[in-house]
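Same order as they appear, the protein sequences are chains A and B.
Its first residue numbered 1, the first sequence is counted upward by one per residue in the numbering used here.
Its first residue numbered 1001, the second sequence is counted upward by one per residue in the numbering used here.
These aren't lab readings, by the way, just hints derived from the structure by calculation.
Misleading hints may appear alongside valid ones.
Examples of chain A residues toward chain B, derived with CB under 7 Å [to be verified]:
#1 107
#2 110
#3 163
#4 165
Here a beta-carbon is modelled for each residue, glycine too, at the ideal position from N, C-alpha and C.
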Amino acid sequence: MENSKRRFLKGTCALFAGATGASLLATVNASEGAKAESDIKYAMIHDETKCIGCRACEVACRETNQVPEGVSRVRIEQTGPFGEYPNEYYHFSRVSCQHCEDAPCVNVCPTGAAFIEKETGIVSVNAWKCVGCQYCIAACPYKIRFINPVTHAADKCDFCRETNLAQGKQPACVEACPTKALVFGNLKDPTSELVQVLRANPTQRAKVALGTRPKLFRILAKSGEVIL
Amino acid sequence: MSALHFDTLVWHWPIAIYLFLAGVSAGAMFFAVLLKHFVLKQNAYQSGFIRAACIVAPVAVMAGLGILVADLTKPLDFWKILVFYNPKSVMSMGVLILLIYQVFMFMWIGLIFRKPVDAWCESRFPIVLKLTALLARFEATITGLLVILSLALGAYTGFLLSALPGYPMLKNPVLPLLFLASGLSSGAASSLLGGVLMNGKPNDKEVHFIHKVEIPLILVEIVLIFTFFMGLVLTGGQSKMAAFNALGYGFWGWIFWVGIIGLGLSGPLAMNLFMTTTSKRKWAYVAGTACLSLIGVLLLRNFILYTGQMTIA
Ligand code: SF4
Ligand code: SF4
Ligand code: SF4
């Protein structure tokens, strides 16, 4: 008995040491991956002061990325009207993936189907690997992921990674916007329009307190209401 | 907003049942090991309660996995979870724990029933005897790892939900402990219920032992539930909102106060204390108390899952 007890203790200790070692290795690898970063990191700005709520972005995204009816990768949320006639106005804000640097959807995905593309920082989904457990949908604090009714995989905005971006074009929503309210570009390129706009304007990101480090910036329009 | 359908609801009741069944399995194995080592020693396989645990644990864990797979949007692709792993994902690590747990569970069950198995196989499949002898050499290791794995499995059911940062009520460090404690007590209850349904007697020493462990376990659960909600209220903001939304009023408020606190915790606590002090144990008392515990735990899983998703950060 004494012997087997000792053997058991030894075994468990080895197991724990092994497990700790493996997880340490995993973290080290992860941070090394971060060190060997590429010089592209895509981000987007939605200038709410320029947005007129025409929803051209929604339509363009649906067409370009073949997003089925009933679900959407980007929505313009409208509140209002505020103010008195004839000076009524609405508030529009963009609801889409924030391309979090520390993305909860990626952290929870059991198969690695939800992933961050190392070269670009884009958060994307490998539809083949996805089993549809919906863990990522529950984990996303911005509630913008959905199950694509055609592929049965999780889906969301991927900055047109597989469509327009692959063809060297700007994302479809950016191209479609008539007032140039959307700016897409490389955060690491100081000469890019994106960085210029970010430097020149006060911007805001949603729910930063959760530690997700989102890469969708918004230039706020007056909100028209006071919410405490 | 209706209690069972609302915008921010992603995971429905099948997940709650999966969490419940995983907890039952872990708890049943945990108590089976305790019973064997502290009460029954040899010939444990003759006890109805051990037998019940050895049936409940595998059936529960496999049924749970079945429900999990059926609930995927691509059930036929479930093998990808077994092939691709993500060390950062609680679900991925949980599946790994579940698999290893099942291996040790079956080895331990094999050891419990070694005598009858050996007797039956002696003339028919002598090769099996070598296998059981090999297992017996590692009995202590198998038992120890089974205990650790069952505790890990019980806690995993909570970590699965506490890894969701968008829901302030679920992102709560007490949740894994709460689910572990309630999972253990559901395992104990299912062994008791199965035991008295088989050849166990309500006055057997196994019942005395489990009841003695259950009283502090229920008290711990009550303390954990209190800490869980106190933590939310004191955190303030959306966490406080989440706590009030869950407990305050309506359908889930009733489920919590009447179903979980009343029937699921106070009921069994009172019955256990009564049975311990009077040492009168009738079949109906034991079975009834066990049923109350099980209902309470099942309600708790659903309550946490649904109310947890009602309020977002
Ligand atoms: S916004 Fe949601 S889907 Fe997009 S990266 Fe962040 S967590 Fe993932
Ligand atoms: S639904 Fe798909 S992408 Fe989302 S966590 Fe599950 S496997 Fe990963
Ligand atoms: S970047 Fe592409 S995928 Fe994302 S919302 Fe715009 S058009 Fe849709």
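To see whether the hints hold, each was checked on the structure:
1. 107: Where the cut-off is 7 Å and the nearest Cβ of chain B is about 5 Å from residue 107 of chain A, the hint holds.
2. 110: holds, 4 Å
3. 163: violated, 23 Å
4. 165: Residue 165 of chain A check fails; min Cβ-Cβ to chain B is 25 Å, beyond 7 Å.
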